[in-house]
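Here is how the chains run, residue by residue.
Protein chains: 4
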Amino acid sequence: MARPDAWRLSPEAYAFVTTLDTRFADLDTMGHVNNVAISAMFETARIRFHHHMGRHPQEQGVRWMVAAVSLNYVAESHFPYPFDIHCAIGHIGTTSWTISSAAFQKGECVATCDTTVVTHGAEGRRQIAETLREAMQANFLKQPG
Amino acid sequence: MARPDAWRLSPEAYAFVTTLDTRFADLDTMGHVNNVAISAMFETARIRFHHHMGRHPQEQGVRWMVAAVSLNYVAESHFPYPFDIHCAIGHIGTTSWTISSAAFQKGECVATCDTTVVTHGAEGRRQIAETLREAMQANFLKQPG
Amino acid sequence: MARPDAWRLSPEAYAFVTTLDTRFADLDTMGHVNNVAISAMFETARIRFHHHMGRHPQEQGVRWMVAAVSLNYVAESHFPYPFDIHCAIGHIGTTSWTISSAAFQKGECVATCDTTVVTHGAEGRRQIAETLREAMQANFLKQPG
Amino acid sequence: MARPDAWRLSPEAYAFVTTLDTRFADLDTMGHVNNVAISAMFETARIRFHHHMGRHPQEQGVRWMVAAVSLNYVAESHFPYPFDIHCAIGHIGTTSWTISSAAFQKGECVATCDTTVVTHGAEGRRQIAETLREAMQANFLKQPG
Numbered sequence: 108m109a110r111p112d113a114w115r116l117s118p119e120a121y122a123f124v125t126t127l128d129t130r131f132a133d134l135d136t137m138g139h140v141n142n143v144a145i146s147a148m149f150e151t152a153r154i155r156f157h158h159h160m161g162r163h164p165q166e167q168g169v170r171w172m173v174a175a176v177s178l179n180y181v182a183e184s185h186f187p188y189p190f191d192i193h194c195a196i197g198h199i200g201t202t203s204w205t206i207s208s209a210a211f212q213k214g215e216c217v218a219t220c221d222t223t224v225v226t227h228g229a230e231g232r233r234q235i236a237e238t239l240r241e242a243m244q245a246n247f248l249k250q251p252g
Numbered sequence: 108m109a110r111p112d113a114w115r116l117s118p119e120a121y122a123f124v125t126t127l128d129t130r131f132a133d134l135d136t137m138g139h140v141n142n143v144a145i146s147a148m149f150e151t152a153r154i155r156f157h158h159h160m161g162r163h164p165q166e167q168g169v170r171w172m173v174a175a176v177s178l179n180y181v182a183e184s185h186f187p188y189p190f191d192i193h194c195a196i197g198h199i200g201t202t203s204w205t206i207s208s209a210a211f212q213k214g215e216c217v218a219t220c221d222t223t224v225v226t227h228g229a230e231g232r233r234q235i236a237e238t239l240r241e242a243m244q245a246n247f248l249k250q251p252g
Numbered sequence: 108m109a110r111p112d113a114w115r116l117s118p119e120a121y122a123f124v125t126t127l128d129t130r131f132a133d134l135d136t137m138g139h140v141n142n143v144a145i146s147a148m149f150e151t152a153r154i155r156f157h158h159h160m161g162r163h164p165q166e167q168g169v170r171w172m173v174a175a176v177s178l179n180y181v182a183e184s185h186f187p188y189p190f191d192i193h194c195a196i197g198h199i200g201t202t203s204w205t206i207s208s209a210a211f212q213k214g215e216c217v218a219t220c221d222t223t224v225v226t227h228g229a230e231g232r233r234q235i236a237e238t239l240r241e242a243m244q245a246n247f248l249k250q251p252g
Numbered sequence: 108m109a110r111p112d113a114w115r116l117s118p119e120a121y122a123f124v125t126t127l128d129t130r131f132a133d134l135d136t137m138g139h140v141n142n143v144a145i146s147a148m149f150e151t152a153r154i155r156f157h158h159h160m161g162r163h164p165q166e167q168g169v170r171w172m173v174a175a176v177s178l179n180y181v182a183e184s185h186f187p188y189p190f191d192i193h194c195a196i197g198h199i200g201t202t203s204w205t206i207s208s209a210a211f212q213k214g215e216c217v218a219t220c221d222t223t224v225v226t227h228g229a230e231g232r233r234q235i236a237e238t239l240r241e242a243m244q245a246n247f248l249k250q251p252g
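Residue numbers (our numbering), protein chains in the order written: chain A, 108 to 252; chain B, 108 to 252; chain C, 108 to 252; chain D, 108 to 252.
Errors might be hidden in some of the hints.
Going by beta-carbon spacing under 8 Å, a handful of chain A positions derived as facing chain D [said to hold, decoys possible]:
| no. | residue |
| --- | --- |
| 1 | Phe123 |
| 2 | Arg130 |
| 3 | Ala132 |
| 4 | Ala147 |
| 5 | Glu150 |
| 6 | Ile154 |
| 7 | Lys213 |
These aren't lab readings, by the way, just hints derived from the structure by calculation.
Just so you know, even glycine gets a beta-carbon here, dropped at the ideal spot from N, CA and C.
Work the whole structure out from these sequences, hints included.
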């Protein structure tokens, strides 16, 4: 669990951005947004990013499942300010891919999240469809500078 | 985000175990326990493990903060069956440590979670107290066999 | 939203009891279990109570939906102590029924919850099956004394 | 738990409106937004409404606590569409008040929520401050027509 590279904290690295509300119930006893709630916001941002790429799992009769999530908390975040979550594709494999994302509050990066998703059909893991692969390549993570 | 080593899926690797209920609200539209809910269960298990080691952050006037969480989903999990969450210390640094844990349902490993915690005092990061370090060493992760 | 009658705060009024864990994520910035989290615990207790009465909606090809929830918070509740949630049937109509419940922590009532559930078939609301009605009558709320 | 009056399902009845995102984690196995998640959205809308009235509990050294919540589910609601939550003051007592609110999705009322809040100082319940009472009166629920 190495700290994220500095360029991962820059909005320019990402192809897509979406804004999400924080909720009072996201706060914990330390008065900041709890890391589990941040995880729920990254999940919704990821689904919006998948919609943006023109694919929705249920339209395809295929199941997409989360295989791994790796979160780094960079700074404390607060209610009631919204999160801007930037997303890009960080890796494309044969049957899985990684969404790399970063959350910002008031312009400051508060967390990064890398999520590995695998795709299953009726007979287990299945290859990523070619049209989806092309959409992913068009939204790839870019190291700025 | 490499897959966890096979021995990490064995209860024998861990020093501590605790049982947690699943909730109906943990389920998502795919009918399994959502990965965000699993994250909330690992969080509570981690706090119980810290209590077990005889330390509670608020007793010490020191803030413990989560710096990173890395989750691997190994198998689908279901409601209403409880989770048995096994925990151990996976790493001890100067100002931070890692809790390595694994969740089981009906005896099968469904997920692993590694959480890095850092300790802060009034002047920023502070060294781990010696008594806490000893308690952690007594609860270290063990590769079975 | 009148306060609950005093006898509703007594465990003896209820036919069924189940125990549920509190989670760290249930806490809010006031340091007590948040009312939304309490609502999630009542929901899971209600499902266990329905199982206890021998009925599960999905077994019947019938949809059960929550129509109304009325919660009263009687005392502050805390982590990490579990909740004992007592449930009974408070009302049986033609197509709907009410689960009356109360949550206790360390023997003290912390909240009550009344939930109205309606049953739907393919053609809209449907009558409660006779065997379910009998099971409900056997688990009716009882004013002690 | 009587059904809400028809005029409570009209946006015109309310003094204040705010928009909140739904999250994927809000869905349950029936594919609709879970009633507990709706409760969390009403809570955040309520806090925004309190800010709108110019009062925030922590600024005043006074604790505001939820005493009761009564929810009616009017129609099923869905992800990823946002909620428009309309709020007004429904009742003002000596030490407590009620926020009456209704949630809309795509212009249709999906739920109503009445929340009773009580105000506590160091010596228990305390009277509502006069300036807050005036702000509440200016935001009172209005039966349209």
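We went through each hint and held it up to the structure:
1. Phe123: For Phe123 of chain A, the interface hint is violated, since the closest Cβ of chain D sits about 15 Å away, which is over 8 Å.
2. Arg130: holds (5 Å)
3. Ala132: holds (4 Å)
4. Ala147: With a closest approach of 5 Å, the Ala147 of chain A hint holds.
5. Glu150: It holds, given that the least Cβ distance between Glu150 of chain A and chain D is near 5 Å, below 8 Å.
6. Ile154: Because about 5 Å separates Ile154 of chain A from the closest Cβ in chain D, which is inside the 8 Å limit, the hint holds.
7. Lys213: Given a least distance of 17 Å, the restraint on Lys213 of chain A is violated.
Checked against the numbered hints given earlier, the structure breaks hints 1 and 7 and satisfies all the rest.
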